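Participant: Listed below, chain by chain, are the residues.
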Amino acid sequence: MTILDIIHTTTVDERVNQAITKAKANQSQLNAMVNFIDPSEQIKQLNNVSKDAKLYGLPIVLKDLVNMKGTLTTGSSKILENYVSPYNATITNKLIQAGAIIIGKSSCDTFGMGGTNMTAATGPVYNPYDLSRMSGGSSGGSAVLVASGVVSMAIGSDTGDSVRKPASFNNIVGVKPTYGRISRYGIIPYASSLDHVGYFTRNVFDAALILEVLAGRDDKDMTSLNSPVPEYSKNLSADLKGKRFGVMSNVLNAIKNPVVLKQFNTLLDQLKAKGAIIVDIKLNEDLMHAMLPTYYIIANAEATANHSNLDGLRFGMQQDGKDVEDIMTHSRTVGFGKLIRKRFVIGSYALFIENQEFLFRKAQKVRRLIVEDITKALSLCDALIAPASNQGALKINDTKTDQLSSEYLIAENYMALANFSGYPSMTLPFAYDEENLPVGINLTCIREAEQMMFNLALGIESCTKLKDQIKEVQS
Amino acid sequence: MNYETVIGIEIHCELKTKSKMFSSSPVSYGQAPNTSTNEIDLGHPGTLPSLNKNAVKQALKACIALNLEIDTLIRFDRKNYYYSDLPKGFQISQQFYPIGQAGFVDIETELGKKRIRINRLHMEEDTAKQYHVEDETWIDFNRAGIPLVEIVSEADIRSATEAQRYVEKLRTLLVYLEVTDGKMEEGSLRCDINISLRPEGTLPYGVKTEIKNLNSIANIEKAVKAEILRQSALLDSGQVVQQATRRYDDKLETTVLMRQKEGTVDYKYFPEPNIPPIRISNEWISEIKQTLPELPDVRYQRYLDLGLNAYDSQQLILNKDLSDFFDTVAKQTPYTKILANWCLSEVLAQVDQSQLEHKVINPEQFALLINHIGKQTISSKQAKEILPFIIKGEQYDAIVSRMNILQVSDSETLNALVLEVLNENPQSIIDYHAGKDKALGFLMGQIMKKSKGQANPVLSNQLVLEELNKRKA
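These protein sequences, in sequence, are chains A and B. If you want my numbering, it's the 1-based position in the first sequence plus 523. If you want my numbering, it's the 1-based position in the second sequence plus 15.
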């Protein structure tokens, strides 16, 4: 059932009330919401919106990094626990203009910094497919709210794979378009050069439709793209004839899970049967191993500067102090958790004048090389394709991960390639692992090739028949 | 010992723009604190900078006038430090690729023209303004985000006078370009002066101090002189100069310590990720070049060509509002020399700078006044009495008739007056013919006195001479 179907078969009150009721009912088990927004004023304002608006009266949630005037936007952090946005993010305006009803903010890793959603100030978000498992992150709250049938669309953000990973773990569609396609104005940042606005839906058609609403030039974001926004959903085509899928052997070799691999091969066969061509791609193995450290250096360096505004002076949580400097130091010490402080230390270290050349500058050089490599690969195919993960979501208390293994360094983190390059990338449902947990498939295309990406995804969706998946949570 | 002074100057100059460097907040002065701000200026989470194109244009104008090489790829960097006047915790600046590099200006010195090299000019945003009231800190964010350029000279300056001339030259240039209002007293142009001494004839630099917070051109020379004295006294007595930031105390007439410098701060500069590099076109630059206003050096030469002397020309140039006023009036009078004198004396004495800036004096009426002085149909004493009413906006003719300042030019009346005065002062006639020119002045004075200043001086003078010649015995 697409968003258009929902809008045509229910009333605004019905769908908004149902979403809020369900979100509240699920809250104790999923812990996905940070706060609720009373929808009545927004429903009243629908008078100013055409009935044909693409998201007319559609209940949605925003990741807790998206500013909406007059609402609490905490970034799932302590330091902004009392922060009420004084302004709207550009996408908030676009969503409201398209008729969306924002029912609340969803939990995320603090400031989007994490891949587990375990670091949210309000605690972990639980996976509806197995409540003892994590949602994945950082946009975990938004992912499980879509997966559990609360809302049919939710906003996330993606700096490494923060939309596409939780989409994989929750059997839904997660999209991160080209860098600059959706304005970042008003989204609390993690790392500006890697941050993308993304979103979750339950099918490819909705994914195409939502980008029509969110995309477009915004003068308030200088990295925003000028190109016009096509009507992706009207131009959709599932025809795979002659389409070239690039299989990255580096990623495939790093995936050790036979159950996932088997289903991946089955999918490739199905694609070939539909006339697609499978191309073997070999990326530079050294660069693939350097990818994660490169990511950490750039992301943390940018993050440490991006969050220097959080000093307790003008907004947010404020601690006492004998002078302004003292207030800043105390507020930051109390307001940031240990993990975040660790990131800031790493980021600052990489920027120190004596380290900058061999850490930060070098990471930027490696990033360029990686982008050259993936650009070359995409000249040989229409999309890179690989399972989004080696397996389904991990247990909440999992500590076994070997962070130096290829499984971790590559199979679990390669999707950051699309953040380095800014290329469009999406995950959609595809398989179940040996414990019957969902694993998604990831596509990455060349810059601004969103239409191609949606078309290929629709082709895959017609093979897997996995769409509109909802995992109800018993309350 | 004799020392050579080595000075380098950094100038921070607020650009004249409608809105801020990276936000649409208005740039305005004298507004209530924290009213010209928005979420960007206050560094709210999620905000992004958007570059003000007009600020770039202003910076380009400055680059052109200062002969700087322009980098047509505009890039910005983050300068990271925590301070309560810096909302984002970093300042967007141009560390790695300044918009302008390797330029110069020429200044006048006792030994003739001297070229001062300029190392760089870069764009950045201003910080908030802090007020420390007893144990409280008040912050006004209206200033946060106002566009700035920083202009860094090479250490080519060798004396207090050169330092003053350099700042004066730059300030005048930038004001003529309408890049800034250049008001040092309001902080829209601020200079930091780095100064060190070395024994004459040696090359290594001495330890430098930095003088900040200079609020007038005049104080630059005073401050530098005082600092040279202070440093040389230290060195003469075998002590060392401490690297420090100092400020000039007007009352004590010396520099005082603000803070000791402890090594260099690591600002962890890195490229600003939210502003992609922007290529500016050569067409745009040449368009700006072609539409630059008349620069002070050109105007100075024009004044010399008009017949003004060097001193008057220079004095006019230094005050752009006054000079603009001069130019407007000069179109309506042939008496440019008188006009210049009046501008530099009576106008400066009776009109304040903000009235000049807002063009309060009606140039037509002022031109009338100058023309009457030139034709000697009024005395300069009368003119001085008329001026305040012209400043108030009255018409020349109305003032003159109300004040009963009417020139007696009727030759019959004047002749009667002349005869009367000559008859009363026979000794003066003798004196005049004996070659005492003073006698003529005395007689004229008597005529003016009797006519209550209303006798046409040119005509009266002529009549007196005629009558004196008749009476040459």
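I should point out that these hints are in silico values taken from the structure, not numbers from a laboratory. There could be a bad hint or two in this list.
Keeping only pairs whose Cα atoms sit at most 25 Å apart, straight-line, the calculated PhoX-like set for lysine-lysine is [claimed, not checked]: (1) B:Lys31 with B:Lys304; (2) B:Lys94 with A:Lys743; (3) B:Lys144 with A:Lys845; (4) A:Lys885 with B:Lys31.
Rough simulated footprint, nothing fancy, chain B against chain A, three-plus residues with beta-carbon under 8 Å [to be verified]: (5) 609 to 621; (6) 710 to 722; (7) 819 to 828; (8) 835 to 849.
Computed from a predicted structure; not experimentally measured. Glycine residues also receive a C-beta, built at the ideal position from the N, C-alpha and C atoms.
Participant: It remains to establish, for every hint, whether it holds in the given structure.
Facilitator: Each hint tested on the structure:
1. B:Lys31 with B:Lys304: holds, 18 Å
2. B:Lys94 with A:Lys743: Given pair Lys94 of chain B, Lys743 of chain A holds - Cα atoms ~21 Å apart, limit 25 Å.
3. B:Lys144 with A:Lys845: Answer holds: Lys144 of chain B to Lys845 of chain A is near 20 Å, not above 25 Å.
4. A:Lys885 with B:Lys31: Violated. Lys885 of chain A to Lys31 of chain B sits at ~39 Å, over the 25 Å cutoff.
5. 609 to 621: holds (count 3)
6. 710 to 722: Since three or more residues must qualify, the claim that chain B covers the stretch 710 to 722 of chain A holds, with 6 doing so at under 8 Å.
7. 819 to 828: Since 4 is at least three, the answer is holds.
8. 835 to 849: holds (count 6)
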